[in-house]
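These are the residues of each chain, in order.
Number of protein chains: 2
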Amino acid sequence: MLDYPLLAALAAVIRTGSFERAAQQLHVTPSAVSQRVKLLEERLGSVLVVRGQPCTGTAAGQRLCQHVEQVALLESELRGALPGLAPADGPTTLRIAVNADSLATWFIAAMAEVPGCLFDLVLDDQDHSAEWLRKGEVLAAVTASTAPVPGCNSHPLGALRYRATASPDYMRRHFADGVSAAALAGAPCLTFNRKDRLQVQWLRLALGGMAPGDVPAPPTHWLPSTHAFVDGALAGLGWGMNPEPLVADHLAAGRLVELVPGRPLDVPLHWQQSRIASTTLADLSRAVLRAGRRELHPDGTAAG
Amino acid sequence: MLDYPLLAALAAVIRTGSFERAAQQLHVTPSAVSQRVKLLEERLGSVLVVRGQPCTGTAAGQRLCQHVEQVALLESELRGALPGLAPADGPTTLRIAVNADSLATWFIAAMAEVPGCLFDLVLDDQDHSAEWLRKGEVLAAVTASTAPVPGCNSHPLGALRYRATASPDYMRRHFADGVSAAALAGAPCLTFNRKDRLQVQWLRLALGGMAPGDVPAPPTHWLPSTHAFVDGALAGLGWGMNPEPLVADHLAAGRLVELVPGRPLDVPLHWQQSRIASTTLADLSRAVLRAGRRELHPDGTAAG
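First to last, the sequence lines map onto chains A and B. Those letters in the first sequence? Residues 1 to 304, per the UniProt record's numbering, in order. Those letters in the second sequence? Residues 1 to 304, per the UniProt record's numbering, in order.
Only chain A is shown next, with the shape it has when bound in the complex (with noise of 0.2 Å):
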């Protein structure tokens, strides 16, 4: 068996980015953390953790810390079943990957359908947050992704739509002759990052099954933010592909418009999660998959 104490002394420090602040959660000196990551990093001749202000993992450091809290999980899982058990440390940390739009608009709700568990939420595009499930990095993803990632069960969540919003002042500025492929390629859009696909999907579906090298590529502002993107279209700065629940108020009061009314992006979400067994993991997809039904759009791969 591996030494869990230094693995547990390693975990520590890459989860809260400090050895002060690991010592301090395993209640021994910063000494005696620093010595066990030392010691580890000399058994396995190889570095993990890279020191600095936070410390974080190398990429053997981050996988070790992973491994580190499964059996966290499964020891979690022991201890219902085996009360006589010493106590846990703590309560169980579930690591998961989720897109910054459920985050802002759904997501939370099934996270506090399960109390006694914290979360470590690593945000990513819902095209790459499945990559994350296959690093091994997280427990669970809310995905675009249908394929199963090895060692995962995939599960459909219905769509979440999205509006192509901007304020009544910007369509006056740039869209006062309509919305034509012309007029689409002067006007600044919004973009969350260099992975956000959804502004070229929208302008490819509403130009109508345009070759992708024709769809215009409008000079764009790049906001990493779902509610910057929301207050970015009120303050006139661009459109933007923004999820209907966080706009539908902004519309209904005209303080949005859409840019070609009735024409939204439905993305199809899918849940992943390890197959590992894990009441509490098995609890979380529950209250995912409820939350999923209530707030998304049924769409055609949920009947699968």
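Because identical chains cannot be distinguished in the list, a pair is counted as satisfied if it fits within a single copy or across any two copies.
Straight line, CA to CA, 35 Å or less: simulated DSBU-like cross-link-like pairs of lysine-lysine: (1) 38 / 195; (2) 38 / 135; (3) 135 / 195.
Derived from the structure by calculation, the hints contain no laboratory data.
Following the hints, position chain B against chain A.
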């Protein structure tokens, strides 16, 4: 002089994240972009782009990209002075580092006052945003750091006020016997990411000058989103340091309460901007300082 058509191709690939989108932006074929980047890499003898989904710059690639954008900014100034020059390829993009809480509360109002300019925002903790400026990756930053970065001017903005907040139900569950050090040590809090020290700073303040090693280290959720912090507090997941502008209504309505009434934490912010001669950047700086004066709390350093 450097070979700018090659550099422009490199910058477009790194900024858009793909050879195809770079080609579209530059109105050339993807193969032409690919050849230009390869030629540049051969001349420099180092890889500049990590090919992937999305493509990203290596450290050298990022540095060249930043140079191209500074030159483009200087060119846009020149075009203002000499209208006879060939028209610009597109609007100027300003790359700025800002903390997520400023973006969520007051920064977009400043951005909206500088029309005709595109923004490329990098989000980072206020204690770390100045590093982007130091590395030359952004032209300006909203930062907690007072010491001017070399080559930059620093202006005090005022302080963003935070309130330690939780839901009434959460308070009943965890602080029925009062907000003591012992109760705080067991009650889950929210932490944005490994760089976020606000909860610890507030604990130290609220518990009256405790030695750093004695401040409780509560169990925590990791929740890297400003609005998810507010939503997480409302849902009873934990307590967290929330920006006053986002929770004032919730506090007034009793949906959230302060852990210790009337014990806020003020975080003084500064605007640090590169001394590069740019009227666009100067316009933004004036708008940022105005928005800061309007939306932030005057603090001691504001008089300096």
